[in-house]
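Please construct the entire structure, taking both the sequences and the accompanying hints into account.
Protein chains in written order, with the working numbering: chain A, 30 to 368; chain B, 62 to 608; chain C, 692 to 1109.
Hint data in this document are derived by calculation from the structure and do not stem from the laboratory.
Note that beta-carbon positions come from the ideal geometry of N, C-alpha and C, so glycine has one too.
One should not assume that every hint holds.
Computed list of lysine-lysine pairs in DSS-like fashion (alpha-carbon distance at most 25 angstroms, straight line) [unchecked claim]: (1) B:LYS504 <-> A:LYS289; (2) A:LYS150 <-> B:LYS71; (3) C:LYS915 <-> C:LYS1002; (4) B:LYS71 <-> C:LYS915; (5) A:LYS283 <-> B:LYS86.
Calculated Cβ distances over 12 angstroms to all of chain B for the following chain A residues [stated by the list, open to error]: (6) LYS148; (7) ILE169; (8) GLY198; (9) LYS229; (10) HIS238; (11) VAL264; (12) GLY266; (13) LYS327; (14) HIS342.
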Amino acid sequence: MTQLPESQQKVKFYQTGTLTVGNRLLDEEHRNVQATMDRSNSLDSGHRACQGCGEALGARFAIDAAIRATGNQLIAANATGCLEVFTTPYPETAWSIPWIHSLFGNAAAVASGIAAAMKAKGREEVRVIAQGGDGGTTDIGFGCLSGTFDRNDDVLYICYNNQAYMNTGVQRSSATPGAARTATTMPVGAEPGNAFNTGKSVPLIAMAHNIPYVATASVHDLHDLEMKVTKAMGVHGARYIEVFVPCPLGWGSKPGDTVKIARMAVESGMYPLFEAADGELTGVTKIRRRIPVDDYLKQQRRFAHVFKPNNAHQLEQLRAIAAHNIKRFDLLARDGEEL
Amino acid sequence: MSDKVVVQTKPFAITLDVGSSLLNKTGTWRTERPVYLDRLPPCNHACPAGENIQAWLGYAEEGDYEAAWRKIMDDNPLPATMGRVCYHACEGACNRTQLDQAVGINSVERFLGDQALRYGWQMDAGEPTGKKAMIVGAGPAGLSCAYHLRRYGHDVTIFDSSPKAGGMIRYGIPKYRMPREKLNAEIERIQAMGVKIELNTRVDDIQAIRERNGFDSVFIAIGAQSAKHIEIESDESIPMLDAVQVLRNSEIEEPTGLRGRVVVYGGGNTAIDVGRTAIRLGAIEVTVIVLESRAKMPAHEFEVKEALEEGVRIVDLRAVRKIEGNTLTLERMVDSADQWPQPSGQFETFEADVMVQALGQNVETGLLDGIPGVVVEGGIVQVDHCMMTGTDGFFAGGDMVPSQRTVTTSIGHGKKAARSMDSWLRKEKCLPVEKHELASFDKLNTWYYSDAPRTIRPMLDVVRRQSGFAEVVGNLDEGNAQYEARRCMSCGNCFECDNCYGVCPDNSVTKLGPGKRFEFKYDYCKGCAICATECPCGAIKMVPEDI
Amino acid sequence: MLKQIEGSHAVAEAVGLCRPQVISAYPITPQTHIVEDLGTMVKAGKIENCEFLLVESEFGALSACIGSSAAGARSYTATASQGMLFMMEAVYNASGMSLPIVMTVGNRAIGAPINIWNDWGDSMSARDAGWIQLFVEDNQQAVDVHIQAFKLAEELCLPVMVCMDGFILTHSYSQVDMPEQGQVDQFLPPFEPRQVLDPAAPLSMGAMVGPEAFTEVRFLAHHKQREALDLIPRHAAEFQSIMGRDSGGLIKEFDCAGAETVIVTMGSVIGTMKEVLAGMREEGHSIGALTIRSFRPFPSEALIEALKDAKRIIVFEKCLAVGMGGIVSMNVRMALQDFPLHVHSVIGGLGGRPITRKNLRRLFEKGLNDQLQETHFHDIDMEIVNRELEREKEQRQSGSIAENILHDVGVVAAAKTI
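What follows is the structure, given as structure tokens:
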């Protein structure tokens, strides 16, 4: 074994594969953006997100990574929703990038327009991101989103998925999972919470557009998330990344557990992380330490009712969904496979 | 456009200038605030010598071995020695045992100790104080105390009745476990700091020597050298030896009396040492007879394992009742859950040519007779929390005071006594050292410690294949020592992983730069506690705000 | 250069002369020919440095323009009818964000019942959306006003709708004097945005504004529209100095001065009216006409100036505020409220009902004889209406149990006699 270069030895890291934000045995250019002292802080302090907001975290992670990938040549269009409301209430904005909010359902189209403007002005080095929550993406913004994909416009659309309309007070969206309590799917009746066998997977729908890049990411795995954003910014055309962002308010979880819950969602198989290029699945992020689905659900009051004896069938269904994800996306590492 | 009619300003309220959110001090939302703290890592907590293991592993991780060694030397003057003979309670306490396996602290310490000897790293004595200290006993406690006193700048003289310094390290631990050239070199390094060692000098009257030489204070650490004996009915058909004498004779190359079929009676490390020594000296058959069950015998498991590998037999749950015509009569004992083994009334015989008793040692307290104020209870010298006896300026430590009687404990006693003595010499009050709260496993978020990459694993496995004392297996080298050190999780102490800095949704952590850790921006911190939850090593805690 | 050309094609060429940088297109009758032609021109390289976006909906069309305009590109789209309604959220948004987008509206009725023919229901649905709304009378105006619209939009930072009657203008061939590129370039400088999304100077556009500033924001929007009342005539004058043509402006009078009766209208119908009115004036009637070219901002002062000496105003409009009456007339009445004028409201041409010289003549004669109702429906077949009303009346009486019972006990009848 050869000795590591002197510069790398000086790094305090605890094992080469460490999953912490910083501390990696990597060249500067491959380090996490969030570990750098001069990171862009695209979404700065003073915003009005709730304590422990996963979306605020996910947005800074993603946009900072995109800023690095583009050399700070970035413009973002934002759908109406929490992210918009908590970042730009007059007279304060928390964004440090050129940013526009137009409407709830048109972020993708606005971004397409910006990209077209940049092309027309001969400034194609300026890259465009559209972003929004799951409601603004999977429901009301879906038409525009599909249009952007269809035209293969040079836009990266990032959906911060917290699985319901949080800004309006936690109502069901087409990204709300089965059994989950929302203000419009209350845990009453024989099938409490959101109905099973409803909803849609926009990442898979995005793949069906044969766009160059689609990925899912989670706020708990910064290395994976930044890698995907960087990869997305490395290609042109329409790209889609969905970031899993727990919402303490809407999910009934502890603000301090936001990252932990995201980790549990992925490690239980409830939220598969994968990548696709040109319509084909190209990779999955394997589960590192598999945990029971129940452990994930127990962190959240929105699923509290599934642990009542009468609702055991719902718990079974949720477990089955995780098992199905694990099988479908081949999420478990094989013996000897390096993670 | 020269005739522009409209002033080019941004639309009121709808378009905003960047940076304006900083006016909104969201820190007012907080009900709990995160604070950085240092918790006591379990390895440090468990180390009888009080080493700051985590700190020196930290330097080793960076490949700065000399800094790592110097950090050890703050507490322990004999790293190459302790890296071999220490029973490494640290590794037993290591939080990593709950994840995979303990960090090979002992191996890294040995490596660092050897590096120091290889490169001749030296420690300096402190500025002379003009104070003189007398130490009786050149064992680990005495050497440790002398070393630390020199670092404080005091003049130190050690008196020892043996021909060589080292005490039980030399005369009680066989060569195969502790190569003498390493021990000698580490003692010489202490001498090079100006510690005087008067060998072959038996001290009978401490007070007289103290007055004659003008010693300001005394540290006595003569150990527990007198073997315990139990009376066994014997026709004296076979010799009855004691372990202390056997090991001492082995060291000074006098006949040990070990020959033929050797029986060692006792279940501690000394019994195992004698057994393994007997194997090396060519005994035909070596059997260690143990009163307790294998599981409960006091000897360390890894030592027992090595002894077995070397051919030592262990017969447990037996008491030796009688010796007659080269035959031992053994009574089977019955193990019981929490009681001492009980006689069963069943007997068997066992043939032997020599028997060694290894049933512990007593302190020879005669030296202390007539010193007013010194209290001896149950054959053990009583000391206060500063290692001082009832006599002012008269300190004691090592195996002769209440302790676990390990080399490491003695090293710790020497350090503690030196610190107390230094305070006493400077007429300051000796205060107990405050300890941080323990960084227990539940304080960690172990998700962030990943498995080592495949390419590194074989090198880490070396550590685990390596037995506690076996020199034959070889040491770590510069490459794998660093990787082993990097397995440390830095329990309880920030290692600048950037997690808090990264996971704050409110960007309210300031990174201060390498070695400087982080600061919270309480103007903006909403107190969500993600940083505390995601801190891998438990170096952040949430404290309620006064509202 | 004089051309015999379809209205849509003329507009496309005019827009092309304005050097648009982003055009978004979604097909809706009767605007389709405009975007088809623009698409061809972009593809053929006749419009340089222009992106032509084929969007998935009208909502997407205007949304893309919002993005491109905010990013500093001269942006254009066209719509009509249902499309306008589908994009309505973005219509309000574009003006709220002060984005100088130009949009052609090929005016068409709004369903249900679905109807592809001309009236102003679509533009009127957006009359309070904060856009400037310019109505054109013919295809020359359409060409000229589009060119002026970009200049106006960009100077004011407001979006502009150019409203042209569907089919009547969009699909009709007529002679148009198409400006030269050099003339347009002289009139219309390159777009210099007041606010722009640019990494070199980041800003946040589209903030949430609460009660503390919303009124002020709205006042400023109103104020800015009022500024256009000065700017529009100034631009028309500047345009005339370059092109030698009187185009645009706030209003246009046709033998209005001194006339006792003045017909006020918008759009293409003035063409037919002018012929009818000319005949009536020859017969000695004191009657003139006036078109409102800028409906938003509404040119109240210009109208007062032109109409204050008239005795009778007949507003002819192709739109209806259901349950209220005429929309344009409402605005005219408000402008003239301090003057003792009778303002008649005539609703005509809805859903493409032909407006002929003959029926206009009949209408105007009724007006001169004070035979018009407060809200008069032009060329309406009351026989059909009455038949239907009768039928409904019968059905209603037999349908509502409660009312039938009341009838039985005489309550309703008693009430009706009061």
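Hints versus structure:
1. B:LYS504 <-> A:LYS289: Satisfied, since the Cα-Cα distance of roughly 14 angstroms is no more than 25 angstroms.
2. A:LYS150 <-> B:LYS71: holds, 21 angstroms
3. C:LYS915 <-> C:LYS1002: Violated, at roughly 33 angstroms.
4. B:LYS71 <-> C:LYS915: Measuring from Cα to Cα gives roughly 13 angstroms; hence the hint holds.
5. A:LYS283 <-> B:LYS86: Distance of about 22 angstroms is within 25 angstroms: holds.
6. LYS148: holds, 24 angstroms
7. ILE169: holds, 22 angstroms
8. GLY198: At roughly 19 angstroms from the nearest Cβ of chain B, GLY198 (chain A) sits farther out than 12 angstroms, so the non-interface label holds.
9. LYS229: Given that every Cβ of chain B is farther than 12 angstroms from that of LYS229 (chain A), nearest at about 28 angstroms, it holds.
10. HIS238: holds, 32 angstroms
11. VAL264: holds, 26 angstroms
12. GLY266: holds, 29 angstroms
13. LYS327: Holds, since 16 angstroms exceeds 12 angstroms.
14. HIS342: holds, 32 angstroms
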